[in-house]
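Line by line, the protein sequences are chains A and B.
So in full-length UniProt numbering, spot 7 of the first sequence is number 7, and the numbers just go up one at a time.
So in full-length UniProt numbering, spot 56 of the second sequence is number 56, and the numbers just go up one at a time.
Rather than coming from a laboratory, the hints here were simulated on the basis of the structure.
Treat each hint with caution, since some may be false.
Calculated cross-link-like contacts (lysine-lysine; reagent style DSSO-like; alpha-carbon spacing at most 30 Å) [stated by the list, open to error]:
no.	chain 1	residue 1	chain 2	residue 2
1	B	Lys160	A	Lys132
2	A	Lys16	A	Lys62
3	A	Lys64	B	Lys6
4	B	Lys227	B	Lys301
5	B	Lys173	B	Lys6
6	B	Lys268	B	Lys363
7	B	Lys3	B	Lys268
8	A	Lys64	B	Lys160
9	B	Lys6	B	Lys227
10	B	Lys227	A	Lys64
11	B	Lys242	B	Lys186
12	A	Lys133	B	Lys160
13	A	Lys21	A	Lys132
14	A	Lys16	A	Lys64
15	B	Lys3	B	Lys24
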Amino acid sequence: MTNISFPEPTITAVSKPFWDKIAEKQFFLQRCDDCAQWVFYPRAHCPHCFGSNLTWKEASGKGKVKSWSIVHRAGHPAWQERTPYAVGIVELAEGPTLLTHLLIGEQDLSYQLPVEISFQSLNERLLPFFQKKGD
Amino acid sequence: MAKRPKGAIIGIGELQPVRYSEGKTTLGLIAESVQLALADAGITKDEIDGLLVGPQVGETPQHVPATVSEYLGISPTMSNTVDLGGATGAGMVWRAAAAIEAGMCETVVCVLANKNEKGQVPRSPNRNPIREFDVPFGASGANTSYALLKREHMEVYGSKQEDFARIAYWSRKNAQKNPKAIFYDKPVELEDILQSPMISDPLRLLEIVMPCAGGAAVIVTSEEKAKQTKNNAVYLKGAGEKITHRAVSQAPTVDQLPFAYSIPHALKQAEIDGKDLDLLSLYDCYTSVVAVQLESIGICKPGEFGDFVRSHTFGHDGDYPLNTHGGQLGFGQADLAGGMSHVIEAVVQLRGEGEERQIPDAKYALVTGNGATLSETTALVLGGEQ
């Protein structure tokens, strides 16, 4: 293993509460008090109704696979050492979609596969990866 | 009649793409491209009073139009940076026409160029939401993003690897009739594409453009001035544009991608049907991008491009000529200038200058551009008559 570290999240003042909760193995998302929609990634305003009353609330950590790819040539050298690996887009039960690392073998991946959050350590930071529901 | 921007392309200039451009600067490649376009139009640089350029030109991330104006020795009365990724080239054409109609200028040069050196860092560092929420999970770069879109299309519609491979096959085949193409003299068979290395499953190497260096410029002017120039002008008949997202994780579902708006809008402005098009000059950074466009033109139904590519031919003498210059998959993608190559091929064909690959009686061309991950989309209908 070389000394190249994995790219870290570029945390902002707005997104910091998300990462602080992840560090405690909790999954909090913003929810709009005005239109009741959930928001991801974290923002200063609701992209649905453009209101500014967003509240951090605990989310289920459950969702379904919208798409996935098995990466053979990674765009970053640190990740190249982990290839092949799976990344995917998960549609959360609350509505928003996010990109994540999938801890699921190629043979087990399928469209709309139910998944759940799995907090994994990378560069000594916890990240919200996803795994098959019930695994 | 729907209101549309009016303008005409009177000059084109394009550098031959090369893998590496050692010893060149981006500003220098811009100047070379503009020289060619001016010579083609038969006008001097003093007749240029509008400038559209791309963002982050090699040597300068800011004040790009001023830097380029100074370098070229022009003093435009309208200038702008157009930042639509691969849609920048097509996006410039209607913006130029709109600026002319607004009375800000009469003759606009739209130019994009890119150097490519061994070992150069291709992009400046950024701290945007993709860098925060996609990259840390192992999804750096466009290949994985486009692989995710391709997978979704395959899952939702049942499209097959071979369907996508046929698009790359035709790009390479058409490139064999264009001596300027980076893959000229390098044909491939369908099987080569299907067996090329897996990069980001389900995306294989030969479905992906190869980065290279080059440049391209077009000159847009008023319809009145176009009548006084030496070339047969090519007219802007319609345009459409739609931007929906940036990160692939925030993309709408695959049946609601923005080409489904921008292409029909351009056709509607031109008052023609998809079947009236003589050339499809479609942005092709990846095979899947062409697939969703074929489905947005209305010549095949959403999800059915596979049947369509099996039952039609896409050469210059085919029933649906597609990227007759080879597309970016066959001609080369010189960064943003790669998108301009689709504009230039349309002009070449509509002027009847396609030589060995000339489409008979080409009257209408659809030109598209696509940036980010199928998020910034532009469509133009160009025609050889006013």
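Each hint, compared with the structure:
At most 30 Å may separate the alpha-carbon atoms for a hinted pair to count; Lys160 of chain B and Lys132 of chain A meet this at roughly 26 Å. Restraint check for Lys16 of chain A and Lys62 of chain A: the C-alpha separation of about 22 Å stays at or below 30 Å, so the hint holds. With a C-alpha separation of about 47 Å, the suggested pairing of Lys64 of chain A with Lys6 of chain B is violated against the 30 Å cut-off. Using a Cα cut-off of 30 Å, the hinted pair Lys227 of chain B and Lys301 of chain B is violated, with the two alpha carbons roughly 40 Å apart.
For the hint linking Lys173 of chain B to Lys6 of chain B, the alpha-carbon distance of about 35 Å lies beyond 30 Å, and the restraint is violated. Distance restraint check for Lys268 of chain B and Lys363 of chain B: the Cα-Cα separation of roughly 16 Å lies within the 30 Å cut-off, and the hinted pair is therefore satisfied. For the suggested pair Lys3 of chain B and Lys268 of chain B, the alpha carbons sit about 10 Å apart, so the restraint of at most 30 Å is met. Restraint check: the Cα-Cα separation between Lys64 of chain A and Lys160 of chain B comes to about 23 Å, which is no more than 30 Å; the hinted pair holds.
Taking the CA atoms of Lys6 of chain B and Lys227 of chain B, the gap is near 13 Å; set against the 30 Å cutoff, the hint holds. A C-alpha spacing of about 58 Å is found between Lys227 of chain B and Lys64 of chain A, which places the hinted pair above 30 Å, so the restraint is violated. For a cut-off of 30 Å, the pair hint linking Lys242 of chain B to Lys186 of chain B is broken: about 35 Å separates their Cα positions. A distance of roughly 28 Å separates the Cα atoms of Lys133 of chain A and Lys160 of chain B; the hinted pair therefore holds under the 30 Å criterion.
Proximity of Lys21 of chain A to Lys132 of chain A is assessed by CA-CA distance (about 22 Å); at most 30 Å being required, the pair is judged to hold. For a cut-off of 30 Å, the pair hint linking Lys16 of chain A to Lys64 of chain A stands: about 26 Å separates their Cα positions. Taking the CA atoms of Lys3 of chain B and Lys24 of chain B, the gap is near 43 Å; set against the 30 Å cutoff, the hint is violated.
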